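A.B. asks: So you can see what is in the structure, the chains are spelled out below.
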Amino acid sequence: MKNKYSIFSLIKNAFSNHENWEKAWKDPEPKKEYDAIIVGGGGHGLATAYYLAKKHNMKNIAVVEKGWIGGGNTGRNTTIIRSNYLWDASAGLYDHALKIWEGLSQELNYNIMFSQRGVMNLAHNLQDVRDLKRRTHANRLNGIDAVYLNTEEVKKFCPIINTSQDIRYPVLGGTLQRRAGTARHDAVAWGYARGADEMGVDIIQNCEVKGIKRNGDTVEGIETTKGFIKTKKIGVVAAGHSSVLANMAGLKLPLESKPLQALVSEPVKPIIDTVVMSNAVHAYVSQSDKGELVIGAGTDDYISYSQKGSHDIVEGTLNAILELYPIFSRMRMLRQWGGIVDICPDASPIISKTSVKGLYFNCGWGTGGFKATPGSGDLFAHTIANDEPHKLNAAFNLNRFVSGDLVDEHGAAAVAH
Amino acid sequence: MFLINCPFCGEREQSEFKAGGEAHIERPKQPTELSDDEWAEFLFMRKNIKGVQFERWNHAHGCRKWFNIARDTSNDQIKAVYKMGEKPPVK
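If you're matching them up, the sequences are chains A and B in order.
Quick note: the first sequence uses my numbering, first residue 1, plus one each step.
Quick note: the second sequence uses my numbering, first residue 1, plus one each step.
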């Protein structure tokens with residue numbers, strides 16, 4: 001049983017200069033066989049393992065991670081959490097996640113620094129206004145909080161936005177989801193890892209999957225850099241590398257992997273206390289607790305695993321940021337990076353069984369997977385444990401690309417993909 | 001960001017081009033004969049290779065012509081540029 005984190009444990013450990021904190025998770029070598037293996041130790045993978053152990057009583061399971069946990073896209077995203085999606089299926093999925101976020105720090109006994117500071121989406125032309133109003137109504141019908149703001153209300157909510165009407169893309173209005181916000185991305189991975197580890201899940205780092213062994217239409221195990229591990233169920237949560245894993249099992253997925261960039265500025269005093277996203281000019285910005293502006297850029301349009309994006313994408317985003325926030329004009333950027341995101345043709349994720357028995361994929365989150373981490377883990381765990389999807393992820397199956405029953409969130413989901 | 005040697009215009013910045021995705025996906029000759037699975041395969045399923053991939057590019061802000069490229073997607077290095085209709089180079 002792990003020691004609970006509390007004010008008392010903090011004081012107690014202060015007496016030993018914080019040198020004797022118990023390890024948050026073990027660093028085990030893989031066993032020969034597990035009941036299930038999760039490939040990918042990011043937030044989604046660790047959450048999957050956590051809920052498999054917690055809700056489905058599967059304790060003999062492992063998470064295998066090529067690098068270190070939370071070192072992939074979990075550590076690269078811009079930490080935005082919201083559920084203001086247009087379609088019913090998406091609204092169900094993302095709001096399920098948001099509801100779990102609201103109690104997650106308490107549940108995990110780990111401060112994930114969840115901050116419901118609101119997310120505002122801006123409209124810059126008449127079609128944006130219509131789309132955003134439509135989405136506001138759709139959200140409210142699905143029980144998701146949403147309000148439409150006119151230009152003055154936008155200015156009041158976030159005073160540093162340039163709302164003058166003579167700029168290239170003037171602000172005509174916006175939507176606001178007050179329950180939305182941000183969380184500390186690393187803490188989410190660490191909190192789930194600690195919780196899963198406590199229930200007996202083996203978290204195996206520096207263990208790259210080299211092959212998926214099949215016997216006809218059934219999985220038998222995985223070949224890794226730490227040897228062969230036998231299992232009957234494999235859940236792949238490998239983000240940008242999902243297709244690479246699928247190819248190992250002889251499958252093809254409807255995915256394209258592309259670089260998505262983000263950047264942070266030098267830290268400054270509090271200047272923006274919410275998250276503002278603009279679809280049309282593709283610029284979104286929030287401020288981290290350290291004071292850095294966290295800025296998300298767009299994807300490149302070519303397939304790449306290089307984890308480097310093109311300069312012109314960053315330039316375009318910063319142009320838009322400067323037009324919307326002239327006050328940032330003399331800020332310097334500290335870091336810029338690129339992560340590889342796996343994008344579905346309908347910009348919705350896949351949480352699904354496959355044609356191979358015992359092989360499950362959770363992928364296609366594209367540019368916005370972080371917000372769904374707890375819900376994704378919960379629903380994927382349900383799918384793996386029961387060999388059937390939960391009703392909330394039934395629509396996000398692989399077969400939708402055959403049946404044509406797509407969940408088309410391109411342009412509908414309040415963000416450009 | 002990388003440079004692409006357009007077979008018609010010469011070397012230009014990648015931002016002048018539009019990526020057209022995986023190359024050599026042939027449109028089915030008899031679409032009415034296809035099953036739903038075969039349609040899905042043609043429309044949506046992609047190799048999405050990490051490594052050398054054959055892909056289509058369009059010089060959108062130049063000559064506007066389409067051509068093919070063999071590119072290593074793990075480091076964005078271009079291995080070969082060849083015209084539409086030509087067979088992909090042997091690795």
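Accuracy of the hints is not assured; some may be wrong.
Straight-line distance between alpha carbons at most 20 Å, and here's what the computed EDC-like set of lysine to aspartate or glutamate pairs gives [said to hold, decoys possible]:
1) A:K353 x B:D37
2) A:K353 x B:D72
3) A:K252 x B:E16
4) A:K4 x A:E22
5) B:K47 x A:D301
6) B:K50 x A:E22
7) A:K133 x B:E16
8) A:K252 x B:E55
9) A:K23 x A:D186
10) A:K59 x A:E107
11) B:K50 x A:E208
12) A:K252 x B:E26
13) A:K357 x B:D72
14) B:K65 x A:E107
15) A:K308 x B:D37
16) A:K308 x B:E16
17) B:K65 x B:D37
18) A:K357 x A:D186
The following label-pair restraints were derived from C-beta to C-beta distances [what the hints assert, rightly or not]:
19) B:F8 x A:N386: 50 to 60 Å
20) A:D301 x B:H24: 14 to 24 Å
21) A:N162 x B:D37: 48 to 58 Å
22) B:G21 x A:K357: 45 to 55 Å
23) B:G51 x A:K391: 34 to 44 Å
24) B:F8 x A:E107: 51 to 61 Å
25) A:A14 x B:E13: 51 to 61 Å
Honestly, the hints are just simulated from the structure, not real lab data.
If you're wondering where the values come from, they're calculated on a predicted model, not measured in any experiment.
Each residue gets a CB set at the ideal place from its N, CA and C atoms; glycine is no exception.
A.B. asks: Please flag the earlier hints that this structure goes against, numbers listed from lowest up.
C.D. replies: Those not satisfied are hints 2, 3, 6, 7, 13, 14, 15, 17, 18 and 22.
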